[in-house]
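Asker: Protein sequences, first through last, are from chains C and Z. Note that full-length UniProt numbering numbers the first sequence so that position 141 is 141, with each residue one more than the last. Note that full-length UniProt numbering numbers the second sequence so that position 74 is 74, with each residue one more than the last.
In case anyone wonders, no lab produced these hints; they're calculated from the structure. Values in this document were obtained by computation on a predicted structure and should not be read as measured data. Idealized CB from N, CA, C, for every residue including glycine. There could be a bad hint or two in this list.
[As the list claims (entries may be wrong)] Just a few of them, taken from the derived set where beta-carbon distance is under 7 angstroms, the chain C residues facing chain Z: (1) R43; (2) D48; (3) A49; (4) L55; (5) G67; (6) C82; (7) N91; (8) V113; (9) L115; (10) E118; (11) R119.
Number of protein chains: 2
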Amino acid sequence: MDHEYYMRQALALAEEAMEAGEVPVGCVIVWEGEIVGRGRNRREEDRDALAHAELQAIQEANRTLGGWRLHKARMYVTLEPCPMCAGGIINARIPEVYYGARDDKAGACGSVVNLFEERFNHKPRLVGGILEEECGALLQVFFQKIRDKRKKNS
Amino acid sequence: MDHEYYMRQALALAEEAMEAGEVPVGCVIVWEGEIVGRGRNRREEDRDALAHAELQAIQEANRTLGGWRLHKARMYVTLEPCPMCAGGIINARIPEVYYGARDDKAGACGSVVNLFEERFNHKPRLVGGILEEECGALLQVFFQKIRDKRKKNS
Numbered sequence: 001m002d003h004e005y006y007m008r009q010a011l012a013l014a015e016e017a018m019e020a021g022e023v024p025v026g027c028v029i030v031w032e033g034e035i036v037g038r039g040r041n042r043r044e045e046d047r048d049a050l051a052h053a054e055l056q057a058i059q060e061a062n063r064t065l066g067g068w069r070l071h072k073a074r075m076y077v078t079l080e081p082c083p084m085c086a087g088g089i090i091n092a093r094i095p096e097v098y099y100g101a102r103d104d105k106a107g108a109c110g111s112v113v114n115l116f117e118e119r120f121n122h123k124p125r126l127v128g129g130i131l132e133e134e135c136g137a138l139l140q141v142f143f144q145k146i147r148d149k150r151k152k153n154s
Numbered sequence: 001m002d003h004e005y006y007m008r009q010a011l012a013l014a015e016e017a018m019e020a021g022e023v024p025v026g027c028v029i030v031w032e033g034e035i036v037g038r039g040r041n042r043r044e045e046d047r048d049a050l051a052h053a054e055l056q057a058i059q060e061a062n063r064t065l066g067g068w069r070l071h072k073a074r075m076y077v078t079l080e081p082c083p084m085c086a087g088g089i090i091n092a093r094i095p096e097v098y099y100g101a102r103d104d105k106a107g108a109c110g111s112v113v114n115l116f117e118e119r120f121n122h123k124p125r126l127v128g129g130i131l132e133e134e135c136g137a138l139l140q141v142f143f144q145k146i147r148d149k150r151k152k153n154s
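With the rest of the complex left out, here is chain C:
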């Protein structure tokens, strides 16, 4: 199981989001070694509050596999999931989640809350810090660019 290999695929999707002017988060879902779902943040382009990388990847995996239960899947995502996405992981019964950078403001896998340790009917295994520096650096560059742009315009 090459966690860094799959996280690099998620990072490539995060870079794609950045080029589109979106907060750079990417995600892949792996089933028996194959990538069956890909997602990246599309909130602004799609004008859709739910268009986070993880939910996009879950929906693609559901379509690819023809069923909603992802009980043999692994998720790789560049940023710690928010409550919505952590809830989506629980609902899709994904047993293993690997993330890159922590999200101190909205993280629901240990930072603000940990939904995987509550009394729900599914508790995924969680590993953080995969390619953490690269995942975090991409976000830092994105938010620095926004601050520079604001400064220039003010």
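We have chain C; now place chain Z onto it with these hints.
Answerer: Then chain Z, alone, in the frame of chain C:
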């Protein structure tokens, strides 16, 4: 503000879900008195782990209004939202949520956890128990039918 009027619209969608063989949950989103988003559970039909009533309604409201921020909206949903849907409500910045029945097993608005009272950047106002008996009775009838069917087949 006629909360029972809007909850009846959500209940009608829950009944539609029940007729389709889905767990009967329905939801409407109201913006300045008008219903701008409707949703009902479609998980089995769509083979989609994310096809809960609330997310369907949020996506429809985003499309109707042409933006992802539902900062003047009210949500009416027959069952207490799960973590995924409560997270979607936070992400869409919905300020008021009215629900019918409590969900002791998966509720994320007071039953298992309360995501609206955590350190996230948005805290919706929450009112439970609107047409609670009718909302709960629909679910009870649905699960009783499933149990009867299983007994018959065993």
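Asker: So which hints don't hold here, by number, going up?
Answerer: The structure conflicts with no hint, since it agrees with every one listed earlier.
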